[in-house]
Amino acid sequence: MSKPTVICRCEEITEKEIVAVIKQGYTSLDEIKRILRCGMGHCQGRSCLMLIARILSRMTGQPIEKIKFPTSRPPLKPVPIEVLAKYSSNPIRKTEQK
Amino acid sequence: MKKTADAIIIGAGIIGSATGYYLAKKKLRVLIIEKNFPCYGSTGRCIGGIRQQYSHPLSILVMKESVKIFSSLKEELGKDIEWYQGGYLFLAHSEDKMQTYLKAIEIQKQYGLLVRFISADDCAQIVNGLNTEDLLGGAYCPTDGQANPFATTYGFLEGIKKRKGTILTNTKVIKIFTEHYKVVSLLTDRGDEYFAPIIVNAAGPWAREVAKMVGLDVPIEPERHESLVTEACERLFDPMLVDYRQDGCYFIQNYGTGHFVGCYTPVPNVPGFDITASSEFITEMPRRMARLVPKLKGIKVIRQWAGSYEMTPDGNPIVDKTPVEGFYISAGMCGHGFMFGPALGKFLAELITTGTSPIPLDDFALNRQFAKAEAMK
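For the record, the sequence lines run as chains X and E.
Numbering follows my numbering, with no gaps: position 2 of the first sequence is 2.
Take any residue in the second sequence, note its place counting from 1, add 1000, and you have its number in my numbering.
The shape of chain E in the complex, shown without the other chains (with noise of 0.2 Å):
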C-alpha cells in the first residue's frame, strides 16, 4: 500500500514539533521524520532562554506571539514545560552596549513590549550578588522568561500523536523526489517512500542538506557553542543574565530545579558540525560566570556539552515557501528555534493551510538580500 501524509516534515526538534502540532490541530496528517531522537540536534542542547528583546521588529512580533503561546501552553498541552516569566537582563558594561540596547528599547517600545534601561543598583537589586564593576546598567524586560525544551518538543509530540499524527524517528531522509518543481515523494535509508504535497525542511543544522535534496542552496551554516549545567542551588536570581562583553557570557538558574545553565559565544566562532565538548570552556566559563556573580564560585559544575546555532548570514531565520511548490523552509534560527518555535510553528502552518501568514514574514524570507543584522545577538 502507498504510504501518504498530508504534510511530512523533517526533523523533531522544537521546529518541526511546533509546526507538525499546528498543522495536526488544522487536522493535516502529519509525519515527522526525523534521523535521531526527538531534541538531539539543537533544540535538546539549548538552555531554554526565551526574550522579546530584539532590534528586528519581526523577531520582536514573533517573540510577542511566542510567550503568549508558552503562556499558556501547560493547558494547551496539557503538560507542564516548566514556563517562568522571570526576565532577561542584558548587562552594558559599555557606552557603546549601552547606546545599542536603548536604540533596542525605543523599537521594542513601539511593538508593545514592556522593557527598560535600568541604573546598575537597580540591576543588582534584580539579581543577588552581582558584580557592578565597569557596569553602567542594564535593558529588563520582566516578561521574557525560560521553559524546558525536552518538556515542550516532547509535548507538541504527543499533541501530534493525539491527533493521528506519526513521529519516525532513527530515520534519515535521503532523497525528495519532484515532478515539475512540485514535492512528490521523499525516501527513508529504511527503503520506505513517503508521498505527501507538502514536505517542510525542519531539519535544524541539517537543513542545508536536506534544501539541496530538492536542488536549492540555502545559506545556513552550523557553528558550534557550549553550555554547562551546574548542580541545584537555592534560588539566586529570576531574570537570564546577558554580558555581551567580549569575553561574556549568558545564565539564568532554572526556576523549577534551581541549576544554574549557560553558555558564552566563542570568539573567533567555530564553524562546522562538530559538537565535541572543549575544555577550553568549561575552565573560561566558570571564570566568566564567576567573574560575573562572585558568590557562584563555590558551585560545582556537573555537566557540559555543545550544540550547533544553525546561522545565516543575517542572524535571522528562514522561515518560508520556496520555488519548489509544497517544499518549505523553517530552518537557520541562529540560536534561537527554541524560543522562536511555537511561534513560527503556529505560522508556518497558517502560510502552509491559508497561504498567508498572520504577520508577514518577508523579512525572514528565503530570497532577502541578509543585510540588516540583528543588534540584540
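Next up, chain X with everything else stripped away, as it sits in the complex (with noise of 0.2 Å):
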C-alpha cells in the first residue's frame, strides 16, 4: 500500500481522511475545518486549506474560486500570552475606578 499523503501538517490529517468526510457528505471548507481539526492547529489552514479546496473542488466539481475558505483570525501568526497580555488596558480596572 502507498504511504498516506499528509495534507494538514499541524494536526496530522491525510488525504483519505478528508476524502472521506467529503464522500459523507460535508462539502464546505468550514465544515471539514470542524470535523476533522485541520486549519485548526499552528499554521491555522495556511498550508493545508488550499489543498483542501482543491480536493473539494475535484469531488464536487465546484470552481475553486467558488469555494468559501474560514474566517482568518488574529493574532494570524502565535503570539505568546506574555507578549499579548503586556498590551492589556485592563478594562475593567478602569471601570472600577469609576
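Please keep in mind that the hints were generated in silico from the structure rather than gathered at the bench.
Check each hint, because a few of them may be wrong.
Computed list of lysine-lysine pairs in BS3-like fashion (alpha-carbon distance at most 30 Å, straight line) [as the list claims (entries may be wrong)]:
(1) E/Lys-1161 to E/Lys-1182
(2) E/Lys-1003 to E/Lys-1068
(3) E/Lys-1027 to X/Lys-16
(4) X/Lys-66 to E/Lys-1377
(5) E/Lys-1377 to X/Lys-23
(6) X/Lys-68 to E/Lys-1300
(7) E/Lys-1079 to X/Lys-23
(8) E/Lys-1175 to E/Lys-1027
(9) E/Lys-1161 to E/Lys-1025
(10) E/Lys-1161 to E/Lys-1074
(11) X/Lys-86 to E/Lys-1109
(12) E/Lys-1164 to E/Lys-1182
(13) E/Lys-1182 to X/Lys-23
(14) E/Lys-1295 to X/Lys-77
(15) E/Lys-1300 to X/Lys-77
(16) E/Lys-1003 to E/Lys-1109
(17) E/Lys-1103 to E/Lys-1297
(18) E/Lys-1027 to E/Lys-1079
(19) E/Lys-1025 to E/Lys-1321
(20) X/Lys-16 to E/Lys-1297
(21) X/Lys-16 to E/Lys-1295
(22) E/Lys-1300 to X/Lys-86
(23) E/Lys-1161 to E/Lys-1079
(24) E/Lys-1297 to X/Lys-77
(25) E/Lys-1002 to E/Lys-1212
(26) X/Lys-23 to E/Lys-1164
(27) X/Lys-86 to E/Lys-1297
(28) E/Lys-1097 to X/Lys-23
(29) E/Lys-1162 to X/Lys-68
(30) E/Lys-1068 to E/Lys-1079
(31) E/Lys-1109 to E/Lys-1097
(32) E/Lys-1372 to X/Lys-68
(33) X/Lys-16 to X/Lys-66
(34) E/Lys-1164 to E/Lys-1372
(35) X/Lys-16 to E/Lys-1162
Hints in hand, dock the two standalone chains.
Right, here's the structure in full:
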C-alpha cells in the first residue's frame, strides 16, 4: 500500500481522511475544518486549506474560486501569552475606578 | 409531492441535533433545517466544558443526566466525542464567593453530587502552577468534564441520518404557517414548504426571531462572548479553572490535543448579534490567564473568535411546549447549551412524544416569572 499523504501537517490529517468526510456529504471547508480539525493548528490553515479546497473542487465539481474559506482569525501568527498581556488596557480596572 | 416530516427542528446546534437524535430513536422521521452549517451558531464557538455545579436544582438534575449521557456517548454514537472527566474547580478569592459556593454545594449534595470545598493548597495540588495569592479555596467536582462540541453535534446528526432523518444546511426558515393555533408547515428561503405536526425552535441566538414567526415573543437576547485557544503543550492540569472575580476568566486544557481554550464574561456585557473578535479580549484574556497560572506565559495564542450566549432574564433555559400546538422551544441556554444539550434533547423528545418529561421542566417553563437567578454563573 502507498504511504499516506498528509495534507494538514499541524493536525496530521491525511488526504484519505479528508476524502472520506467529503464522501459523507460535508462539502464546505468550514465543515471539514470542524470535523477533522485541519486548519485549527499552529499554521491556522495556511498550509492545508488551499490543498483541501483543491480536493473539494476535484470531488464536487465546484469551481475553486467559488469555495468559501473559513474566517481568518487573529493573531494570524502565534504570539506568546506574556507578549499579548503586555498590551492589555485592563478594561475592568478602569470601570472600577469610575 | 407534498414534503412531510414527523418533526421539523430549526437549528443544527447541539440542541437541535440531540433533540432530533432522541426523536429519531423513537422512530419519528426528523428533518433538521439549518441556515448555515451544523455548529455555526453558539455550539461550535463554545469551549466544551461540562459541569454539574449549579445552584438551581433543575440544572443540577439535568446536568447529572447529561454527564451520564456523555459518559456513554462514544458507544451510543459509535464515535469518539473526546469526553474526559477532568473536573471543574471554581476558585474563591473572596469570603463572599466562598459563601456562594458553600451554599451551592449544600444544594448540590442534596442531589447526590460528588462535590466539596477544598483549601487553596489542595487547589494547587490539583492545578499545577496555580497562583494561590488571595485564594481562599475552591469548589471542586471531579465528575465534571469536557468533550468536543463538533464531534458531539456531528455524532448526533449522523445518528439522525442513519435513522432516515434529513439535515438541510444553508437553508433558512422564513415563515411558519399555523391554523387555529396549531402548526401546519413552514417555508424556506429555497421556496420549499415542509409539513409537520411538530416544529421545534432550537435556533439559539435567533430563537426570538423564529418564535415571532408563530406570533410568540420569548425573552431571549444574545450577548457576545469571546474565546481563544493556545498551541498544544504538555499536560499541565485536568479541571476547568473558573475564576469568577470581576476580571476573572475560565479555561481548560483540552485533554486529547493539549491546547488551552478559554474565555471570560465581559463587564459590562456586550448585547447584540455582533460576534466580531476584539483586540481588548486578545490582550486582556492572556493577562488574566497568566495571572492565574504564571507558567502559561510562554505559551502561544493561535486563534481568537467570538460567539453568542443567548440570555434569558434569569440565566436558565426555556424548554417547553407553547400556546401554539405542536410548536416547542428549546433555547435561551445562557452559555450552557453544549453541556445541557444531550439531557434536554432526551427530555424534550419524551415531552413531545409522551406529553411529560421524565424530570419536570417547570423551572424552564416559557411562562415562568424568571425570578430565581442562577448563582453559579
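Hints not upheld, ascending by number: Checked against the structure, the hints that fail are numbers 2, 3, 4, 5, 11, 13, 16, 17, 20, 21, 28, 32 and 34, while the rest are satisfied.
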